[in-house]
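Chains A and B, in that order, are what the protein sequence lines are. Going by the numbering used here, the final residue of the first sequence carries number 330, and the count climbs one at a time with no gaps. Going by the numbering used here, the final residue of the second sequence carries number 361, and the count climbs one at a time with no gaps.
Think of the hints as simulated: they come from the structure by calculation, not from any bench.
Partial chain A-side listing against chain B, Cβ under 8 angstroms, derived:
id	residue
1	67
2	76
3	79
All values derive from a computational prediction rather than experimental measurement. Even for Gly, the Cβ is constructed at its ideal location relative to N, Cα and C.
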Amino acid sequence: MPILEYADAVGLALREEMRRDPTVYCIGEDIVLGVPFGCTRGLIDEFGPDRVLNAPISEAAIVGSAMGAAMTGLRPVVDMHFADFVTCAMDEVANQIAKSRYMFGGQIDCPLTLRMPYGIGRSGGGHHSNSVEAWFVATPGLKICIPSTPADVRGLLKTAIRDPDPVLVFEHRGLYRVTGEVPEEEQLIPLGSAEIKRPGRDVTVIATARLVHEALEAAQRLSEEGIEVEVVDPRSLVPLDRETLAQSVRRTNRVVIAEEGPMRGSIGAWLAWVIMEDCFDDLDAPIARVAGPNIPIPFSPPLEAFATPNAEDVMAAVRKVVK
Amino acid sequence: MYAGMLRVRMFEERVRELFAGGRIPGFLHTSVGQEAIAVGVCAALRGDDYVLSTHRGHGHLVAKGGSMRGLMAELYGKATGICHGKGGTMHIADASVGYLGANGVLASGCVLAPGVGLSIRQRKSSQVVITFFGDGAANRGPFHEGVNMAALWKLPVVFVCENNRWASTTAHGLSTAGGSIAARAAGYGIPGETIDGNDVLAVWRTTAKAVERARSGEGPSLIEAHTIRWVGHHEGDAQSYRTRDEAAEGRRRDPIARLGKVLEGKKLLDAAHIARIREGVTAEIDAAVAFAEASPLPQPEDALTDLFAHYPWRD
Chain A
8 MPILEYADAV GLALREEMRR DPTVYCIGED IVLGVPFGCT RGLIDEFGPD RVLNAPISEA
68 AIVGSAMGAA MTGLRPVVDM HFADFVTCAM DEVANQIAKS RYMFGGQIDC PLTLRMPYGI
128 GRSGGGHHSN SVEAWFVATP GLKICIPSTP ADVRGLLKTA IRDPDPVLVF EHRGLYRVTG
188 EVPEEEQLIP LGSAEIKRPG RDVTVIATAR LVHEALEAAQ RLSEEGIEVE VVDPRSLVPL
248 DRETLAQSVR RTNRVVIAEE GPMRGSIGAW LAWVIMEDCF DDLDAPIARV AGPNIPIPFS
308 PPLEAFATPN AEDVMAAVRK VVK
Chain B
47 MYAGMLRVRM FEERVRELFA GGRIPGFLHT SVGQEAIAVG VCAALRGDDY VLSTHRGHGH
107 LVAKGGSMRG LMAELYGKAT GICHGKGGTM HIADASVGYL GANGVLASGC VLAPGVGLSI
167 RQRKSSQVVI TFFGDGAANR GPFHEGVNMA ALWKLPVVFV CENNRWASTT AHGLSTAGGS
227 IAARAAGYGI PGETIDGNDV LAVWRTTAKA VERARSGEGP SLIEAHTIRW VGHHEGDAQS
287 YRTRDEAAEG RRRDPIARLG KVLEGKKLLD AAHIARIREG VTAEIDAAVA FAEASPLPQP
347 EDALTDLFAH YPWRD
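Looking at chain A on its own, in the form it has when it is part of the complex:
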């Protein structure tokens, strides 16, 4: 199986879907050169400027125009550049795109994909580091996936592009250089299918994106202490594969939920409620959570490190629930 970087797996998915369907096009800031993450580099050579649109720095128009195009027969893939900038297109995402099918009584499809490069790292600071996925989980009408590996991002992005509804794909920018096996043949991963990234009998760690990798490292180290951690990656948050999460919890009876975004009003808070509703009687300990502190992301390396949940945090949370 070929080994690809996450960013190249994104590019592969885009290329495959653009070849397959002439209504698919990409739009975003600096996407011709593929700056800054390299995902769209080279698309212009194969598909030309009509399908690889370097847009003005106009987030509302980039996202709004994608909706206009999606309503009238195209399948846009928007590169949000940094997910933080979606605030400049929040009306378009939350009021227009999310509600178009619903408010119009199902008359109009809005098949568009928003690629959301997000997350902490390399002193990006307050406007280039945020985990904003919880905002959109709280916005009915959007589907949301959050792939953690090259194979997952390729498979989920392809599914997102073919989906008849708007899908946000959260790509952690700290994962773009992570490598992994990507199947040679075409692979579509359905939305709403979680994956057990490492089996274990003692504790279920439900983790997203970068925290999947931190959880795997924690699992490796805890295994040396005799604690076997099962790492479950939901892969999509809307729809959510509650069944796979619940099955894991019924085996281990202990749960840690790990994410990068702030603790308050978050994905983890919602997943904890889901687990409680589905598996309350199976739990042998209160659910523990790993998440960022309730602060904007600071710049200076030690401050940023303080705001970055890591494997040590996952290990501490696991120890708490197995005590």
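Keeping the supplied structure of chain A fixed, place chain B upon it in accordance with the hints.
For chain B alone, coordinates are given in the frame of chain A:
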């Protein structure tokens, strides 16, 4: 166009009565007095052209050829409404006539329009898209982003500003630097025209020119059509912010009477003819009201449908 304006006027007047009588829920914004813009613009369009509208959008939909029955039932919140009661007055669309949505957020249509234009171009179609917006909306960022993008890429869009002098309760002069909205077109290198929006023939002529330009691939235009809102921002608005003189001025400059005078002068219209048109429109509206009244309300659990393409939906 005379009959078209009467249809909008009489529809809106009936809706106001029904709202006052408690038959229609919600926040209602009618376009009484502004009919010439909706009708003049849509008269310059083909059936397959697209329209993006505003919170004050009933007239645009009626003028674009939307179903009056479906619109009325939607205003009633009935299951037979065009959007099955999920959209209502400010969030209604009728895809069958290219009406891609009223909008509760000002200037949002200005950024959807370039995308519709991209789609038209990519499909190698000769359609155009009109986006209506008010004078208040011209001060929002999406107006500028949308005009810039459409101008940059020479997209087949016509931006139509309905300047009715009031952004809700704030006067145009107190909210809009520079005064002219059409003049903003110059900054984007596209034509900007200021016209009397109560002169339906001027609206039609100016739109036709802009549509022709858009269809031939020369790019967007901006039209600022001045008009007067006869009624409040919404039904129930006491309008303490303006004098009665303005509504009176609006009535003096009634776009329907104005075209009537022109047509009568050319012996193309007389009192009997007008009576026949009114009778026909009344019957059409009566039928729409009867349909809406007789239609069932949606079942409460219908609130869960239409969120995504596939139903039932699993969270």
